[in-house]
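Colleague: Residues per chain are reported as follows:
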Amino acid sequence: MYPPKFGYVIPENIHEAMEFLESHDDSRPLAGGHSLIPMLKLRIIRPSYLVELKTLKDLQGIKKGSEYRIGALTTHYEISKSGIPLLSQTASVIADPQVRNMGTIGGSISNADPLSDYPAPLIATNAKVVVISKRGERSVPFDQFQKDMFTTDLSQGELVKEVVVPAMDGYRTDYEKLERKAGDYAIVGVAVAIKEEEGVVKDVRIGLTAVNNKAMRAKSSEEILMNNALSDDLISKAASAAVEYANPSSDIRGSAEYKKKMVKVMTERALKKVRK
Amino acid sequence: MKVVNANEKVSIKLRINGKDYEDVVEPRKLLVHALRDLGFTGVHVGCDSSNCGACTVIMNGKSVKSCTLLAVEANGADILTIEGLEKDGKLHPIQEGFWEKHGLQCGYCTPGMIMEAYFLLKENPHPTEEEIREGISGNLCRCTGYQNIVEAIKYASEKMNSKTD
Ligand SMILES: Cc1cc2nc3c(=O)[nH]c(=O)nc-3n(C[C@H](O)[C@H](O)[C@H](O)COP(=O)(O)OP(=O)(O)OC[C@H]3O[C@@H](n4cnc5c(N)ncnc54)[C@H](O)[C@@H]3O)c2cc1C
Ligand code: FES
Ligand code: FES
Numbered sequence: 001m002y003p004p005k006f007g008y009v010i011p012e013n014i015h016e017a018m019e020f021l022e023s024h025d026d027s028r029p030l031a032g033g034h035s036l037i038p039m040l041k042l043r044i045i046r047p048s049y050l051v052e053l054k055t056l057k058d059l060q061g062i063k064k065g066s067e068y069r070i071g072a073l074t075t076h077y078e079i080s081k082s083g084i085p086l087l088s089q090t091a092s093v094i095a096d097p098q099v100r101n102m103g104t105i106g107g108s109i110s111n112a113d114p115l116s117d118y119p120a121p122l123i124a125t126n127a128k129v130v131v132i133s134k135r136g137e138r139s140v141p142f143d144q145f146q147k148d149m150f151t152t153d154l155s156q157g158e159l160v161k162e163v164v165v166p167a168m169d170g171y172r173t174d175y176e177k178l179e180r181k182a183g184d185y186a187i188v189g190v191a192v193a194i195k196e197e198e199g200v201v202k203d204v205r206i207g208l209t210a211v212n213n214k215a216m217r218a219k220s221s222e223e224i225l226m227n228n229a230l231s232d233d234l235i236s237k238a239a240s241a242a243v244e245y246a247n248p249s250s251d252i253r254g255s256a257e258y259k260k261k262m263v264k265v266m267t268e269r270a271l272k273k274v275r276k
Numbered sequence: 001m002k003v004v005n006a007n008e009k010v011s012i013k014l015r016i017n018g019k020d021y022e023d024v025v026e027p028r029k030l031l032v033h034a035l036r037d038l039g040f041t042g043v044h045v046g047c048d049s050s051n052c053g054a055c056t057v058i059m060n061g062k063s064v065k066s067c068t069l070l071a072v073e074a075n076g077a078d079i080l081t082i083e084g085l086e087k088d089g090k091l092h093p094i095q096e097g098f099w100e101k102h103g104l105q106c107g108y109c110t111p112g113m114i115m116e117a118y119f120l121l122k123e124n125p126h127p128t129e130e131e132i133r134e135g136i137s138g139n140l141c142r143c144t145g146y147q148n149i150v151e152a153i154k155y156a157s158e159k160m161n162s163k164t165d
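Residue numbers (UniProt numbering), protein chains in the order written: chain A, 1 to 276; chain B, 1 to 165.
Zero decoy hints are in this set.
Using 25 Å as the maximum straight-line C-alpha spacing, the simulated PhoX-like pairs for lysine-lysine come out as follows:
1) Lys-81(A) to Lys-122(B)
2) Lys-2(B) to Lys-41(A)
3) Lys-57(A) to Lys-2(B)
4) Lys-260(A) to Lys-273(A)
5) Lys-273(A) to Lys-81(A)
6) Lys-41(A) to Lys-9(B)
For the record, the hints were derived by calculation from the structure and aren't laboratory data.
Turn these sequences into a full structure, and let the hints steer you where they fit.
Modeller: As structure tokens, then:
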């Protein structure tokens with residue numbers, strides 16, 4: 001319940017924040033705090049300083065052009081209200097209303113909890129992460145950004161600036177989350193984006209979360225569906241093929257075997273929902 | 001840039017229920033403890049894992065779990081707690097709803113539950129039963145079985161709408 005002692009930094013601008021973070025090895029940026037503060041309260045981490053991000057303008061706001069540029073500090077609540085295909089639906093089922101009012105997309109992907117929701121749509125849409133540091137900006141495909149559970153491509157002094165998601169025009173999308181109760185992390189999460197022309201699948205993306213160390217595309221399911229009509233039979237075949245991409249662990253949310261079976265069920269549900 | 005070291009304290013300002021307060025806190029002090037120490041003991045602590053919502057207050061118009069915020073992080077914020085809901089001794093329609101519909105027993109979850117209902121009805125003045133249940137899914141109650149809480153929020157919704165319509 002009681003965090004250990006730490007120092008606290010309120011930077012005037014992003015340059016000060018990056019400078020301080022880089023020169024203080026075990027300092028941590030503080031965004032929504034809804035992963036960081038729970039960890040502090042359990043004393044799982046002992047940072048020297050927290051660096052407050054909330055006032056930094058460079059990390060705020062959503063810009064829409066041919067793609068959505070989502071500032072790292074955008075909250076789950078704001079994303080849920082902003083009509084971004086797939087991502088808004090996903091944000092609306094993260095945790096509970098209070099957590100969504102504080103938690104941010106930058107914090108969620110930097111934390112890289114394998115059970116978190118955003119990775120499923122981010123991998124399915126080929127999202128990119130813009131990383132900023134004293135040396136400038138670089139853009140990293142989401143798949144490379146997520147290295148392993150709780151491990152990202154970020155080094156000390158780097159911040160997530162924004163997440164770039166394609167507009168997905170002409171796609172139908174769905175996120176299916178299996179949970180024990182409203183407000184819980186996913187047992188299994190499946191994101192689907194599909195584009196059909198004259199009843200034939202022209203593009204399909206299937207992203208799985210919570211069943212691996214990091215989110216995965218179910219490539220062979222996608223191949224089964226490509227250039228075909230979405231019949232019940234084909235959907236069932238594609239959903240079965242998704243199971244080979246799941247390597248879940250048994251825990252309080254269910255056995256590995258059960259979770260694998262649920263990958264099939266949730267993929268099937270998502271595909272039936274996006275079918276015209 | 002302001003740097004507060006681990007053994008130092010920092011002074012903060014909070015506007016709580018329309019009045020200004022100043023406090024001097026360690027960076028690690030949680031907002032829930034700061035609020036309770038300032039006398040707002042209607043804000044409760046029911047867990048150490050951010051699940052129960054007994055600590056819910058409204059900060060800058062949004063419901064938050066005050067056990068998962070640092071007091072220093074809330075510097076400058078406008079906060080509404082259960083103590084600020086009644087006006088001149090007259091209950092807010094949500095408070096009245098919980099009384100009329102028996103939406104509380106031990107009363108420990110009630111302040112947080114009412115503040116979340118306040119946020120829910122501000123966002124969505126005509127919620128369905130399902131939307132009410134989803135809206136309070138971050139607030140646990142071990143006494144009521146939730147049924148009468150849903151009724152209480154429906155009551156408040158009807159009363160608040162009939163006033164403003
Ligand atoms: C009760 C509860 C239930 C939850 N349920 C879910 C759920 O169902 N699904 C889900 O996906 N999540 C869930 N979460 C997690 C929640 O979404 C968090 O808000 C989120 O994971 C972290 O975002 P944050 O903004 O709060 O980050 P913080 O907690 O502030 O930071 C998390 C980590 O990221 C780092 N960081 C933050 N911002 C940046 C940045 N811009 N650049 C670099 N590093 C950064 C921090 O230093 C820290 O290491 C839940 C949390 C709680 C408390
Ligand atoms: S005390 Fe339980 S969520 Fe805050
Ligand atoms: S009334 Fe007792 S916990 Fe809700």
